[in-house]
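*Asks:* Sequence:
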Amino acid sequence: MGYQVVAAQLARLSGALGTSDHASVVSITLFVALLCACIVLGHLLEENRWLNESITALIIGLCTGVVILMTTKGKSSHVLVFSEDLFFIYLLPPIIFNAGFQVKKKQFFRNFMAITLFGAVGTMMSFFTISLAAIAIFSRMNIGTLDVSDFLAIGAIFSATDSVCTLQVLNQDETPFLYSLVFGEGVVNDATSVVLFNALQNFDPNQIDAIVILKFLGNFCYLFVSSTFLGVFTGLLSAYVIKKLYIGRHSTDREVALVMLMAYLSYMLAELLDLSGILTVFFCGIVMSHYTWHNVTESSRVTTKHAFATLSFIAETFLFLYVGMDALDIEKWKFASDSPGKSIGISSILLGLVLVGRAAFVFPLSFLSNLTKKTELEKISWRQQIVIWWAGLMRGAVSIALAYNKFTRSGHTQLHGNAIMITSTITVVLFSTMLFGILTKPLIRFLLPASSNGAASDPASPKSLHSPLLTSQLGSDLEAPLPIVRPSSLRMLITKPTHTIHYYWRKFDDALMRPMFGGRGFVPYSPGSPTDPNVLVE
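Per the UniProt record's numbering, residue 1 is the first one in the sequence shown, and the count goes up by one each step.
Source of the hints: derived by calculation from the structure; they are not laboratory data. Only a predicted model underlies this, so the values are computations on that prediction, with no experimental measurement involved. Glycine residues also receive a C-beta, built at the ideal position from the N, C-alpha and C atoms. Everything hinted at is true.
DSBU-like, lysine-lysine: derived pairs with alpha carbons at most 35 angstroms apart:
no.	residue 1	residue 2
1	K106	K305
2	K379	K105
3	K106	K244
4	K441	K305
5	K73	K342
6	K106	K374
7	K374	K441
8	K507	K105
9	K507	K244
10	K374	K507
11	K105	K374
12	K305	K105
13	K441	K342
14	K373	K106
15	K106	K379
16	K441	K379
17	K441	K106
18	K373	K507
19	K105	K215
20	K507	K106
21	K379	K507
Simulated restraints on C-beta separations:
no.	residue 1	residue 2	range
22	N219	S139	24 to 30 angstroms
23	W505	L435	38 to 44 angstroms
24	F363	T29	46 to 52 angstroms
25	V148	E298	56 to 62 angstroms
Starting from the given sequences, assemble the full structure and let the hints guide the process.
*Replies:* Structure (structure tokens):
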């Protein structure tokens with residue numbers, strides 16, 4: 001009898017596992033089919049002035065959610081449950097790394113002061129604006145058990161722009177300066193928002209004094225600097241290992257695998273050390289493109305470049321499809337359905353705070369930035385400021401992931417206040433992505449017609465900062481042997497800091513960094529190495 005009982009239990013367990021495996025296979029099959037549909041439709045809508053691939057994936061996700069909701073009679077709306085762990089560990093790293101790997105470094109660092117000003121200082125200004133307004137408004141609305149720490153978290157959540165969608169609605173050829181500034185700001189903004197959100201986890205709002213605030217700012221600066229240093233260190237380590245071992249002479253597969261795994265290792269190390277994985281993997285990508293990429297064989301260069309771009313593209317499409325399907329999760333809407341008027345009101349207030357929070361730093365910081373420019377060509381015009389403000393209003397998966405992290409446990413919540421914040425966040429993300437994303441291209445065409453934008457956006461002008469940030473020729477922007485005039489005095493450092501810093505960096509890079517870590521023109525000849533003529537011919 002005992003054997004029969006055990007056999008029966010094993011049979012039931014095997015049946016349950018079989019059912020679970022079958023459900024997983026069905027879910028993954030459906031999701032892969034939807035990804036293929038998104039890619040095909042995105043290709044067909046390539047020249048559409050209203051839609052892009054991100055919005056298309058979002059719409060397909062919503063429509064699929066509705067169909068599943070009707071099929072299951074209101075029990076479920078998705079085939080995969082949104083998980084912040086899945087987002088931060090698997091989907092976000094390839095997107096951010098490819099952004100750093102493909103970045104046009106010379107233009108990024110030429111615009112670095114403006115990018116840092118908008119991305120870091122601007123995010124802090126937006127955070128304080130949204131947080132203070134949320135404390136003043138929501139504390140009077142009796143939203144469940146939310147306290148001051150939750151309202152501060154709301155400020156960090158809605159300060160995070162959707163840089164992925166922004167990249168798809170702006171065109172680097174039509175609006176190169178806006179593309180470079182908004183894209184660079186978006187990456188720094190996402191990192192700043194996540195660092196800010198993590199710093200708030202150890203912040204006690206009930207004991208606020210000067211020392212606590214200084215500790216908070218110190219923790220924030222520590223996370224920012226440490227994350228950047230870790231990314232640079234991992235990138236240099238990969239360059240040094242590949243340069244010394246010449247792995248590609250024996251196996252290109254090993255070489256490519258090592259580059260990809262070292263990139264992912266930088267992100268996971270940052271998460272392990274409670275740092276910002278976004279900043280770490282972004283700067284790791286920049287360092288790898290400057291050193292590591294030139295140390296591998298020619299075939300590995302082509303492979304890594306397209307592999308990173310493809311992984312990033314699939315992750316972006318997956319994200320918007322994922323968010324669209326999870327937006328109709330019936331469980332969260334049930335807990336918030338007791339007070340639909342309040343939920344709509346909170347969503348409207350949050351959307352208004354997003355508008356005000358971005359305006360609170362875009363226009364003042366643009367004014368301050370213009371004060372340092374000597375010519376009208378270098379200044380950010382009013383029309384460009386409006387486009388910068390508008391293009392950064394979209395909220396995306398980073399906001400949703402942070403909201404899930406704060407207001408749910410393993411994607412589920414049974415608290416009324418938390419459910420309202422989750423559904424309100426989803427509403428703001430969908431509304432902002434759909435409305436602002438659809439109207440961005442027509443707005444750019446209206447405010448910045450091609451006839452008036454051509455001269456101001458001439459990337460060939462040495463005095464203009466209006467240059468595209470990304471390039472298909474990886475690494476060609478920073479390593480080109482252009483003559484650099486030596487700064488003549490301390491006044492040059494004050495009046496043209498970017499030019500002066502770039503001059504001394506090139507001297508330091510050529511004298512110490514490239515001989516040690518490799519790079520274009522600094523990899524010694526060795527049979528089978530990346531500089532072997534036979535290897536390059538093949």
